[in-house]
Every structure is written in structure tokens, then in C-alpha cells.
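Peer 1: Each chain is listed here by its residues.
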Amino acid sequence: MEKINTLFYCIGQGFKNIKRNRMFSFTSVCTITACLFLFGIFFSLVSNVRYMVNNMEKSVAVTAFFEPGTTDSRIAEIGLELKGRSDVKKVEYISAEDAWNRFKGEIFEGQQDLVDSFGTDNPLADSASYEIYVKDVTKQKALVKDLKKMDGIRKVNSSDETAKLLINFNRLISVVSIFIIALLMAVSVFLISTTISVGISVRKEEIGIMRLIGATDFFVQGPFIVEGIMIGLIGAVLPLFLLAIIYHQLIQWLSNRFSILSDWMVFMSLRTELSVLVPFSLALGVGIGLLGSGLTVKRHLKV
Amino acid sequence: MEEKEIVSMDNVIVTYPTGTQALKKVNIRIAKGEFVFVVGASGSGKSTFIKVLLREIAPNSGRILINGKDITNLKHKQVAAYRRKIGCVFQDFRLLKDRNVYENVAFAQKVIGVPHKLIGQNVRRILTLVGLGDKEQVLPKQLSGGEQQRVALARALVNKPAMLLADEPTGNLDPKTSMEIMQLLEAINQQGTTVIVVTHDNEIVNQMRKRVITLKEGEVYQDEEDGSYAKSLSIQNESLFSGLARL
Numbered sequence: 001m002e003k004i005n006t007l008f009y010c011i012g013q014g015f016k017n018i019k020r021n022r023m024f025s026f027t028s029v030c031t032i033t034a035c036l037f038l039f040g041i042f043f044s045l046v047s048n049v050r051y052m053v054n055n056m057e058k059s060v061a062v063t064a065f066f067e068p069g070t071t072d073s074r075i076a077e078i079g080l081e082l083k084g085r086s087d088v089k090k091v092e093y094i095s096a097e098d099a100w101n102r103f104k105g106e107i108f109e110g111q112q113d114l115v116d117s118f119g120t121d122n123p124l125a126d127s128a129s130y131e132i133y134v135k136d137v138t139k140q141k142a143l144v145k146d147l148k149k150m151d152g153i154r155k156v157n158s159s160d161e162t163a164k165l166l167i168n169f170n171r172l173i174s175v176v177s178i179f180i181i182a183l184l185m186a187v188s189v190f191l192i193s194t195t196i197s198v199g200i201s202v203r204k205e206e207i208g209i210m211r212l213i214g215a216t217d218f219f220v221q222g223p224f225i226v227e228g229i230m231i232g233l234i235g236a237v238l239p240l241f242l243l244a245i246i247y248h249q250l251i252q253w254l255s256n257r258f259s260i261l262s263d264w265m266v267f268m269s270l271r272t273e274l275s276v277l278v279p280f281s282l283a284l285g286v287g288i289g290l291l292g293s294g295l296t297v298k299r300h301l302k303v
Numbered sequence: 001m002e003e004k005e006i007v008s009m010d011n012v013i014v015t016y017p018t019g020t021q022a023l024k025k026v027n028i029r030i031a032k033g034e035f036v037f038v039v040g041a042s043g044s045g046k047s048t049f050i051k052v053l054l055r056e057i058a059p060n061s062g063r064i065l066i067n068g069k070d071i072t073n074l075k076h077k078q079v080a081a082y083r084r085k086i087g088c089v090f091q092d093f094r095l096l097k098d099r100n101v102y103e104n105v106a107f108a109q110k111v112i113g114v115p116h117k118l119i120g121q122n123v124r125r126i127l128t129l130v131g132l133g134d135k136e137q138v139l140p141k142q143l144s145g146g147e148q149q150r151v152a153l154a155r156a157l158v159n160k161p162a163m164l165l166a167d168e169p170t171g172n173l174d175p176k177t178s179m180e181i182m183q184l185l186e187a188i189n190q191q192g193t194t195v196i197v198v199t200h201d202n203e204i205v206n207q208m209r210k211r212v213i214t215l216k217e218g219e220v221y222q223d224e225e226d227g228s229y230a231k232s233l234s235i236q237n238e239s240l241f242s243g244l245a246r247l
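Those sequence lines, one after another, are chains A and B.
Per my numbering, residue 1 is the first one in the first sequence, and the count goes up by one each step.
Per my numbering, residue 1 is the first one in the second sequence, and the count goes up by one each step.
Treat each hint with caution, since some may be false.
Stated by the list, open to error - To list a few chain B residues with every Cβ distance to chain A over 10 angstroms, as calculated:
1) 32
2) 71
3) 81
4) 108
5) 112
6) 115
7) 129
8) 137
9) 156
10) 168
11) 186
12) 191
13) 200
14) 206
15) 225
What the hints assert, rightly or not - Below, computed lysine-lysine pairings styled on DSBU-like, alpha-carbon distance capped at 30 angstroms:
16) B/117 to A/149
17) A/298 to B/25
18) A/3 to B/75
19) A/16 to B/25
20) A/298 to B/85
21) B/85 to A/19
22) B/117 to A/19
23) A/16 to B/85
24) B/141 to A/16
25) B/97 to A/298
26) A/3 to B/24
27) B/69 to A/19
28) A/16 to B/77
29) B/51 to A/204
30) B/97 to A/89
31) B/25 to B/75
32) B/117 to B/160
33) B/160 to A/3
34) B/117 to A/16
35) A/3 to B/25
36) A/3 to B/51
37) A/298 to B/77
38) B/25 to A/204
39) A/104 to B/77
To be clear, the hints were calculated from the coordinates, so they are not data collected in a lab.
Here a beta-carbon is modelled for each residue, glycine too, at the ideal position from N, C-alpha and C.
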């Protein structure tokens with residue numbers, strides 16, 4: 001019963017501390033809001049770039065062209081062998097006609113006269129191929145090496161450079177995001193710690209009296225821990241609302257403004273984005289509050 | 001078997017990090033229900049004596065039993081539980097300035113986790129006992145020094161301690177109010193609470209005719225039942241005051 005009463009007391013006092021120390025609490029909440037808002041923007045950027053990169057990775061294919069005169073049965077054999085590989089997600093046969101039709105569509109779009117000048121000739125007559133999609137873009141190099149050794153394969157076109165670029169971009173974003181998140185967290189922890197320190201120094205006399213009349217560590221420290229958690233929590237909730245509004249508007253604007261890039265510029269939905277960002281931000285806010293206040297009470301409230 | 005002694009100090013030595021030996025092999029026994037004055041000049045070890053009993057500092061050597069329980073080497077977590085069994089008042093009252101009389105006293109009950117509905121009746125009972133039943137909603141700054149000390153006493157007593165420590169409780173009060181506070185302490189003592197008063201107020205000590213333990217340079221200089229402020233200390237204090245007056 002004593003513990004429950006003390007817990008309610010700590011929660012009540014935690015809120016009172018925020019009210020009493022309102023200027024510092026307000027400053028802390030604003031700073032954490034700003035930090036977590038930046039974090040949210042960064043997180044959204046990283047997650048969306050990763051999402052786009054993943055989409056691009058899915059569309060990166062290796063193209064294997066056949067030797068002239070390769071029989072249909074050999075082509076089928078190669079197809080079966082490729083489909084049997086664990087690193088291959090999809091194998092698609094592109095006949096010479098398909099290749100020419102695709103080329104016409106992509107390159108000669110709107111230039112029917114030019115297309116007509118070829119008549120019934122197919123300039124890509126020897127360009128039947130397999131388009132092979134890998135499960136993981138990092139495994140592409142090994143696949144290309146194996147393809148080049150196969151009988152009946154004339155040439156292998158791979159997007160090695162694109163794959164490397166994507167992998168490096170992913171790594172860069174991960175490193176930068178970890179660095180920025182760590183920096184923002186340190187700033188936030190420092191600010192909460194300062195706020196709690198001020199609260200402790202203002203209430204030094206009261207804490208001394210508490211100690212003398214037999215208050216436990218939990219009773220003395222609890223309100224400051226609650227104060228830190230509440231500041232962290234409020235500082236986490238506010239930017240989530242802001243981010244939700246801005247994200248929704250921004251995606252709509254980008255999609256309308258850059259519709260030409262809509263093939264690869266595919267954004268995560270607000271719901272998907274928030275399903276990760278909300279628990280992450282709240283946990284981060286509470287964690288920052290807990291860490292900032294916990295370290296401070298340990299340092300200042302020793303008997 | 002129930003302990004007869006509430007305080008039992010054996011060869012207690014306290015040396016501060018500066019090298020000052022504040023208590024030198026002090027041996028003191030105080031029985032349950034006693035009223036004891038601890039007197040002495042500045043630097044005699046009175047404050048250290050109170051700090052040791054409040055467990056603000058631990059002795060370097062020796063043994064202290066309170067109500068038969070050894071508090072010499074209490075762990076940090078045990079200190080809070082120990083302090084709940086003793087009440088304390090100070091010269092500067094140490095009240096929470098932003099809370100009214102009721103809240104100041106109720107605070108002591110909240111600290112030990114007393115249920116809300118019991119706090120009200122306990123606080124009102126104790127405020128009536130110290131004569132402040134009609135001043136529940138008043139802030140400390142609106143009270144006289146004597147009334148503030150009564151609030152401090154109510155806070156010290158509301159958790160029904162076995163022992164009350166008073167460190168210069170009349171230090172900031174006029175002689176008439178000082179005597180009222182002492183009479184209140186005597187009444188509390190008569191209800192069974194052990195009262196230990198550390199003071200340099202020789203008039204009070206001489207009027208009350210209680211047991212007086214005199215400390216001098218960290219040692220028990222004199223310990224007498226129905227005692228009085230030692231003459232040598234009075235002379236020492238008088239010369240100190242006259243020296244200060246000349247300055």
C-alpha cells in the first residue's frame with residue numbers, strides 16, 4: 001500500500017515539478033520537440049530512400065544474350081538452371097521481337113515514321129535474352145561470373161555500377177543517420193539533465209527535509225524521474241503531429257510536381273511511416289527523459 | 001526482552017576529514033521516556049552528537065544502539081527506515097515555505113506512505129495537540145517563530161516517533177516563547193516520547209531541572225540528573241558574548 005501511495009505521490013509531484021519549473025520545462029520540451037522533429041524528418045527521409053532503393057533493387061536485372069544459333073532446348077536448359085539458383089528471384093525470357101517492341105516503345109515513341117522505315121526488319125534479331133532478377137543485389141557479381149562461363153551465352157549486361165552505387169548510398173545513409181541520431185540524443189539528454197538539475201537545486205531544502213523525516217530514495221528521486229519522462233513524452237508527441245501533417249502534404253506535392261519520376265519515386269504511405277515512427281519516437285522520448293533524469297538524480301541526490 | 005535504553009553509545013569516536021576529532025570515546029546511556037538536555041560550548045561536539053543520532057554521519061569507531069538496534073553501520077537503504085522512528089526539530093524550523101501548516105505536517109505522513117484518508121485525521125489530531133488546530137491553512141511566513149516551531153514539532157510527532165531530537169529548538173525564539181516550547185516538549189515527554197534537547201540556553205536548562213549531559217571538547221564532561229548548565233560553560237559563554245560585544 002505504501003508503495004502504491006508513493007507511486008501516486010511521485011506522479012503527482014512530477015507534474016507539479018513541470019508546472020513549478022515551467023520555463024525550464026517549456027524550454028526542454030521545445031528542444032526535444034525540435035530534436036525529435038529533426039529526427040522524424042531524417043527518419044522519414046532514410047526510410048523513404050531505403051524504400052525507393054529497395055524498389056530500385058528489385059528492378060535491377062542482369063541480361064544474358066545468347067550465341068547466334070543457340071537452340072531453343074539449350075535456351076530452356078539455361079532457363080531451368082537459372083531458376084534453380086537460390087540467389088535468383090525471377091527469370092524472364094525476352095525474345096528478339098519483344099526486345100524490338102520494347103525498344104520501339106522506349107526510344108522511338110512518337111516517331112512512327114522512323115519505326116515504319118525499318119519495315120518488317122528486326123534490327124535486334126540476335127538479341128533474344130534472359131532478364132534475371134536477383135534476390136539480393138550484392139549477389140549479382142557472382143551470378144554474372146557464372147553466366148559468363150555457361151555454354152550458349154554470348155554476352156552478359158549487368159548493372160554492376162548501379163548496384164554498387166545503391167549499396168554505397170544505403171551505407172552512407174545508415175552511417176549519417178546513426179551519427180545524427182546519436183548527436184540529437186546527446187543534446188536532448190543534456191537538456192533534460194539541466195532542467196532536472198535546476199529543479200533539484202530549487203528544491204534542495206525540501207529534499208533535505210524529506211531525507212531527515214525518512215523518505216526513501218524512490219520517494220525523493222521518483223518525482224524527478226517522472227518529470228524527465230513526461231518532458232520526453234510531450235517532446236515526442238508534439239513533433240509526431242507536426243510530421244504527420246507535413247509528411248502528408250509533402251508527399252502529395254512531390255507526387256504531383258514530379259509525376260514524371262513516379263516510376264521510381266514511390267513513397268511509403270503515412271500509415272506505414274507512422275506505424276514505425278510513433279513507437280520509435282515515443283520510446284526515444286521516454287528513453288531520453290529517463291536517461292537524462294536518471295543520471296542527474298544519481299549524481300545530485302546521493303546521501 | 002524489551003530494551004530499557006533507547007540510546008546506548010559506546011566509545012563513539014567521530015573524526016572529520018579535516019582531522020578535527022568531534023567526539024572522543026563518548027559513552028552515553030539514555031533510558032526510554034527520559035528528558036535529556038545536551039549542552040556545551042561551540043565546538044564541544046553537540047552538533048556532531050545530533051548528526052550521529054540522525055545518522056547523517058557514521059562514527060569512525062565505537063557502537064551506537066538505538067532501541068537495541070545497532071545503527072553504527074546502517075546501509076544507505078536502512079537509513080530512511082531508521083529515521084522514520086525518530087522525530088527532529090531544528091533552530092531554523094525547516095518548514096516548506098510554499099505549503100501551509102496542514103501540508104507541512106501531512107508531508108511527513110506522505111513520506112512514509114500513510115493512506116490519504118488517515119493523513120487528515122492524524123494531522124488534525126497533532127495540530128490540536130500543539131495548539132494550532134485553527135491555523136491549518138496558514139503559510140509559515142504568516143506565523144510567529146513560536147508557532148513555526150510548533151508546526152515543526154507537529155511534523156516531527158505525527159509519525160509517533162519513539163524519540164524526539166531537538167537541535168537548539170529555542171535558538172530563534174524570545175524567552176517567553178522558548179519556555180512555551182519547552183513546556184510543550186515536556187508534555188510530549190510525559191506521554192512517553194524520549195526527548196533529547198541540544199541547547200546552549202542556560203536559563204531554560206536551569207529552570208527545567210532535567211538530566212543534563214555536558215559535552216566539552218568532544219567528551220562527556222558532566223552528566224547529572226536534575227542538573228543545571230555547568231557553571232564553567234556559563235562563564236565560557238559569557239566571556240564569548242562579551243568578547244563579541246566588544247567587537
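Peer 1: Now tell me, hint by hint, if it's right for this structure.
Peer 2: Quick rundown of the hints versus the structure:
no. : hint           : result
1   : 32             : holds (20 angstroms)
2   : 71             : holds (13 angstroms)
3   : 81             : violated (7 angstroms)
4   : 108            : violated (5 angstroms)
5   : 112            : violated (6 angstroms)
6   : 115            : violated (6 angstroms)
7   : 129            : holds (18 angstroms)
8   : 137            : holds (19 angstroms)
9   : 156            : violated (8 angstroms)
10  : 168            : holds (15 angstroms)
11  : 186            : holds (23 angstroms)
12  : 191            : holds (20 angstroms)
13  : 200            : holds (22 angstroms)
14  : 206            : holds (30 angstroms)
15  : 225            : holds (30 angstroms)
16  : B/117 to A/149 : violated (87 angstroms)
17  : A/298 to B/25  : violated (35 angstroms)
18  : A/3 to B/75    : holds (20 angstroms)
19  : A/16 to B/25   : violated (47 angstroms)
20  : A/298 to B/85  : holds (26 angstroms)
21  : B/85 to A/19   : violated (33 angstroms)
22  : B/117 to A/19  : holds (26 angstroms)
23  : A/16 to B/85   : holds (29 angstroms)
24  : B/141 to A/16  : holds (22 angstroms)
25  : B/97 to A/298  : holds (26 angstroms)
26  : A/3 to B/24    : violated (41 angstroms)
27  : B/69 to A/19   : violated (42 angstroms)
28  : A/16 to B/77   : holds (26 angstroms)
29  : B/51 to A/204  : holds (19 angstroms)
30  : B/97 to A/89   : violated (74 angstroms)
31  : B/25 to B/75   : holds (23 angstroms)
32  : B/117 to B/160 : holds (17 angstroms)
33  : B/160 to A/3   : holds (20 angstroms)
34  : B/117 to A/16  : holds (21 angstroms)
35  : A/3 to B/25    : violated (40 angstroms)
36  : A/3 to B/51    : holds (28 angstroms)
37  : A/298 to B/77  : holds (14 angstroms)
38  : B/25 to A/204  : violated (34 angstroms)
39  : A/104 to B/77  : violated (83 angstroms)
The structure fails to meet hints 3, 4, 5, 6, 9, 16, 17, 19, 21, 26, 27, 30, 35, 38 and 39 from the earlier list, while all remaining hints are met.
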